[in-house]
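S.K.: Here are the chains, one letter per residue:
Protein chains: 2
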Amino acid sequence: LVEPTVAVDAMGGDHAPAEIVAGARQAAAAGQRILLVGDPSRIGDTGGLPVLATSEEIGMTEDPGRAVRTKKDSSLVRAAEAVRDGKAEAMVSAGNTGATMAAALFRMGRVKGVARPAIATVIPVPGASPTVLVDSGANVECSPAWLVQFAEMGAVFHRLRFGVDAPRVGLLSIGEEPEKGTPLVKETHELLAKHGSGLNFVGNVEGRDVMSDTADVIVTDGFTGNVVLKTVEGAMKFAFGAVLGALRSEEVPDSAAASLMEALLPLAAEMDPDSHGGAVLLGVNGVCVISHGSSSARAIVNAVGVADRAVREGLVEQLARAVAPPG
Amino acid sequence: LVEPTVAVDAMGGDHAPAEIVAGARQAAAAGQRILLVGDPSRIGDTGGLPVLATSEEIGMTEDPGRAVRTKKDSSLVRAAEAVRDGKAEAMVSAGNTGATMAAALFRMGRVKGVARPAIATVIPVPGASPTVLVDSGANVECSPAWLVQFAEMGAVFHRLRFGVDAPRVGLLSIGEEPEKGTPLVKETHELLAKHGSGLNFVGNVEGRDVMSDTADVIVTDGFTGNVVLKTVEGAMKFAFGAVLGALRSEEVPDSAAASLMEALLPLAAEMDPDSHGGAVLLGVNGVCVISHGSSSARAIVNAVGVADRAVREGLVEQLARAVAPPG
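So the protein sequences, as listed, match chains A and B.
Residue 5 in the numbering used here is what sits at position 5 of the first sequence, and the numbering runs on without skipping anything.
Plus 1000 on top of the position in the second sequence (first one is 1) and you've got the numbering used here.
Think of the hints as simulated: they come from the structure by calculation, not from any bench.
The reader is advised that the hints may include incorrect statements.
Stated by the list, open to error - Label pairs and their in silico Cβ distance ranges:
1. B:E1056 / A:E262: 55 to 61 Å
2. B:P1178 / A:D45: 49 to 55 Å
3. A:P40 / B:E1250: 50 to 56 Å
Glycine is no exception: its CB is placed at the ideal position from the N, C-alpha and C atoms.
Use the sequences and the hints to build the structure in full.
M.R.: Given below as structure tokens:
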């Protein structure tokens, strides 16, 4: 068994290249094989890590399709090519999400049978099984057959990542009844209800189930998924801000605030997006981990860990086996 | 000026009729004119409030359209008729939401020029202007012209309710750029951007802006709006539960936990859905307030207050003036 090499896009992200390279070095120090991809004149001291030298980079707000088409020597495109060409087994980027998807799709291609790759995001729910939300942003408009594949891929992803044998798959709607929702949701519900190959479909779920223990995988189109993901982020930011504000209020003695902070730390750590290693683009013919734009070195270490495990667990092969041909 | 009378559906809601009648009596004790609508043999002591006697009721899970068509002597249908016939100026129900919409629409009719009524829900954001989310569930599928009307109606509603002169109207999408989102969002963005009549359109907003101070009114289709609303509810429930759990941990001294609880109380009170008086169905030819299913007496008092103010402020007339004819 060969040790997986993870190609890290050193130029992508709000804190690139410094935090990215720092994270890659930490991962390497812990035994991970790393291929840094970026501009050697800008990435600083790599601590002896191998570098795939590139001359261009794709900005966070550039048009993804055009950027990937025109910037052939960008770190993002070269990272995807490294996976395609077998120089690495997986890639990690904290750069432009749309461009990361486009680079992975155009350079690695799709897993045979997959109609559309989708982004799987892990929403931590301390005290319950984490929720995998798929698609959380790759496909604004979807067909029922694609959503069925998102369910199949999401279940494989959850099983490998969290060891749940038959993850509960819920379809996001506005009521539990099969006849509620958009035509897309109603048709998808029908397809999932008669799905044969061991998918543990628990029916429709609602927005309130995203942070509960109702389903392990929640399937939706990329527009709704992205809105939900950001709504959760905003609500959590608001809630933690409000609690911190209360802790600072004059009625709370400093010693009380300190003990409360300590009690809240494990929760805050578990909710911290840097702990989760990023979203995974499911359905491309290689492992592609999308870390969030403001990734710290720690986020990169965790993203590299997610990428490494996905390779070792044979994520891509398992996805290929799980997807039914789109109807 | 005649004092507004509010028709209260005594039979609707998880805690009907006891909590509903209790709330109606409290509102009446504070000077509100009330018309209770329900089964006299079941609503108990009304404390002398007038009762419009009905013999049927619509269950929380009944099919809305059929229930309203077949149960002509239900409390919900009769409450809507009371507004249509001038026996009351507004109605309040904590019953079946779909049936409440259907009863209001079929019995009161639409405001002239309104293509589709929409539900406006207030999401409290302590420390910032509350967010009015419209449509939060009435119309699963929408056209761009309808969304423009939701924007117009939502702005009127926010102005009257919170006294903000030119409420900022945002369109819910998955990025700030006008070219992001579904075809519905892109076409609506174009229409709103060239909207002439004083609509303060601030462009696309994202899920994370629902609980921030970015926009006062957030416009979306009823599917996405309902998912967002329930996601916020679920996230807040999770967050408060997690904080309470941390407070109960052994490392936190009881006195520290008590002082933080005290500091958090105003926030919890502000976030409590019972404080907000329910959602308002905008665009029907009368005031219709939809209180949540688990409404307590206090929720009903607040819903009646919202209904009363909407009548006094001339909500329906202002909506009629604000809507442009649908394209």
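S.K.: Now tell me, hint by hint, if it's right for this structure.
M.R.: Going through the hints against the structure:
At about 57 Å, the CB distance of E1056 (chain B) to E262 (chain A) agrees with the hint of 55 to 61 Å. Between P1178 (chain B) and D45 (chain A) the beta carbon distance is about 42 Å. The supplied range of 49 to 55 Å is therefore violated. At about 53 Å, the beta-carbon gap between P40 (chain A) and E1250 (chain B) stays in the expected band of 50 to 56 Å.
Checked against the numbered hints above, the structure violates only hint 2.
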